[in-house]
Amino acid sequence: MSKPQTVGLLGAVAIGLASMFGAGVFSVFGLAYAKTQGFFYFALLIAAIVAALNASSVYALARKIDRPGGIYAYSREYLGKMPSFIAGIAFIIGKIGSIAAIAWIFGEYFMPEEHYLDAIGAIIVLTLLNILGINRTALAAIIIGGIVTTFLFFTGLLGVVATAGQPILPSLGGASGILPAASLLFFAFAGYARVATLGTEVRDAKRNIPRAIVISLSVVLLVYLLLSITLISAIGGDLDHVTQPVIMVASYLMPWMPVWAIALIETLAVLGSMLALLAGVSRTAATMAEDRELPAVFATRNRFGSPWLAEVLIAAGAIVVFLFNDYLQWIIGFSSFAVLLYYAIGHISVLRMPEQEREGFEPSALIGLLLCGALLLSVPGPAVWLSSLILVGALGIRQVVSRRRAS
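The numbering of the sequence shown is this note's numbering, which starts it at 360 and goes up by one.
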């Protein structure tokens, strides 16, 4: 077997950006605005604060542990097997939901008439690309992330300049929807720590993974703020039912740019997000398999160091969930709940670190834990009880398997 592939800081940052600049920016802004109207910026602020606090805890943990698997691996070190199993399963099921939701959005943007076929085809093609190794994933993420980040930044910047003088805050109304809206907006931030799941596939992981998290999240926070001001100022109350708000606003701000080119960039953004998700989820599943928390086949790697069988099985799961795409908001809520639980366990891991390792991260971890709990209980739709039911079922299966192994 050849030496496993690794990526540097640039590739790690690109994977983080590609994870976030995908489905979220094109799907949840309208859904969130419909729930909270004039309090949209408050919901965005809460989601951003939660994302920053989550990133702070992942930063603290990633400096000490470089094993693949992200918070699953970190919590196994500081909390034990059961909490880490919950974190790993929550991440896997949540991100399978994310991949399915992103596939739906890709189909709607790329070929609405045949969105089933092209969305499923996209999942298959991206899975094959990931199977060829993390270097190819990183190269694709660098290309896609560079194009999409530049496009979204200038769209937001042009929009802010064009709407200068207009009130930033719309008329207030819909305060009761702030937390549900924030839980949906969190979907657009969940991705900055995807690089943490790569572990030692990032060169000098204990140094480059925390740096990549800080850089990618900072860029995304700036771009989302610019885009929020632009979309609300330009579209206003219609934002909750405009199907392609970014394309509409970008076409107005940049009339010299063909609509097909704008649509192509948004399609690339969605593909980049799916690509990074598949890579991160498969590596978490592979690490869990190495710990005998999942069947050993998930740990099977090819000569490129890619957990190819985990990639294939996760892609298959995402395709199955995608077939329920009529419930997009529920799928996004399901994903947000599971990932918020995942980060909550990350905060607890920080609080359980030895005092000399925490180095002042306790306050942010405690606040982050409380906010994650508030948001995950506010997720709209049936996500709370459905996700809880799945997690309880997974724990039950784990208990039965553990008893059989012990007997």
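FYI, nobody ran anything at the bench for these hints, they're computed from the structure.
Every residue gets a Cβ at the ideal spot worked out from N, C-alpha and C, and that includes glycine.
Any given hint might turn out to be false.
[As the list claims (entries may be wrong)] Listed next, the in silico DMTMM-like pairs over lysine to aspartate or glutamate satisfying Cα-Cα at most 25 Å (straight line):
hint	residue 1	residue 2
1	LYS423	GLU718
2	LYS423	GLU716
3	LYS423	GLU436
4	LYS565	ASP650
5	LYS423	ASP563
6	LYS440	ASP425
7	LYS423	GLU721
8	LYS565	GLU649
9	LYS565	ASP425
10	LYS565	GLU716
11	LYS423	ASP597
12	LYS440	GLU716
[To be verified] Simulated restraints, written as ranges between beta carbons of each label pair:
hint	residue 1	residue 2	range
13	LEU736	GLY595	23 to 33 Å
14	GLU649	MET616	28 to 38 Å
15	ILE483	LYS423	31 to 41 Å
16	GLY397	GLY719	30 to 40 Å
17	LEU725	LEU498	37 to 47 Å
18	LEU369	ARG662	21 to 31 Å
19	ALA523	LEU476	21 to 31 Å
20	GLY505	SER535	38 to 48 Å
21	GLN715	PHE683	45 to 55 Å
22	LYS423	MET616	41 to 51 Å
23	ARG426	ILE756	23 to 33 Å
24	ILE749	SER577	25 to 35 Å
field: Status of the given 21 to 31 Å range, CB of ARG662 versus CB of LEU369
entry: About 24 Å separates the Cβ atoms of LEU369 and ARG662, which means 21 to 31 Å holds.
- prompt: Is 23 to 33 Å a correct range for the gap between the Cβ atoms of LEU736 and GLY595?
  reply: Holds, since LEU736 and GLY595 (Cβ atoms, about 31 Å apart) stay within the stated range.
query: For the pair supplied as a hint, LYS440 and GLU716, is the alpha-carbon distance within the 25 Å limit?
result: holds (21 Å)
- prompt: Are the Cα atoms of LYS423 and GLU436 separated by 25 Å or less?
  reply: holds (10 Å)
message: Can you tell me whether the CB distance of GLY397 to GLY719 sits inside 30 to 40 Å?
response: Holds - the Cβ-Cβ distance for GLY397 and GLY719, about 37 Å, lies within 30 to 40 Å.
task: Please work out if LYS423 and GLU716 have their alpha carbons no farther apart than 25 Å.
output: Given that 25 Å is the threshold and the Cα spacing comes to 8 Å, the pair holds.
query: In this structure, is the beta-carbon distance linking LEU725 and LEU498 contained in 37 to 47 Å?
result: holds (39 Å)
query: Are the Cα atoms of LYS423 and ASP563 separated by 25 Å or less?
result: holds (12 Å)
task: Decide if the proposed pair is consistent with the structure: LYS565 and ASP425, CA atoms, cutoff 25 Å inclusive.
output: Answer holds: LYS565 to ASP425 is near 6 Å, not above 25 Å.
message: Please verify whether LYS423 and GLU721 have alpha carbons no more than 25 Å apart.
response: holds (16 Å)
- prompt: Has the given pair, LYS565 with GLU716, been kept, meaning a C-alpha gap of at most 25 Å?
  reply: The hint holds at about 13 Å.
- prompt: Would you say the C-beta atoms of ALA523 and LEU476 sit inside 21 to 31 Å of each other?
  reply: Taking Cβ atoms as reference, ALA523 and LEU476 lie about 44 Å apart, which means the hint is violated.
Hint check: violations occur at hints 11, 14, 19; the rest are consistent with the structure.
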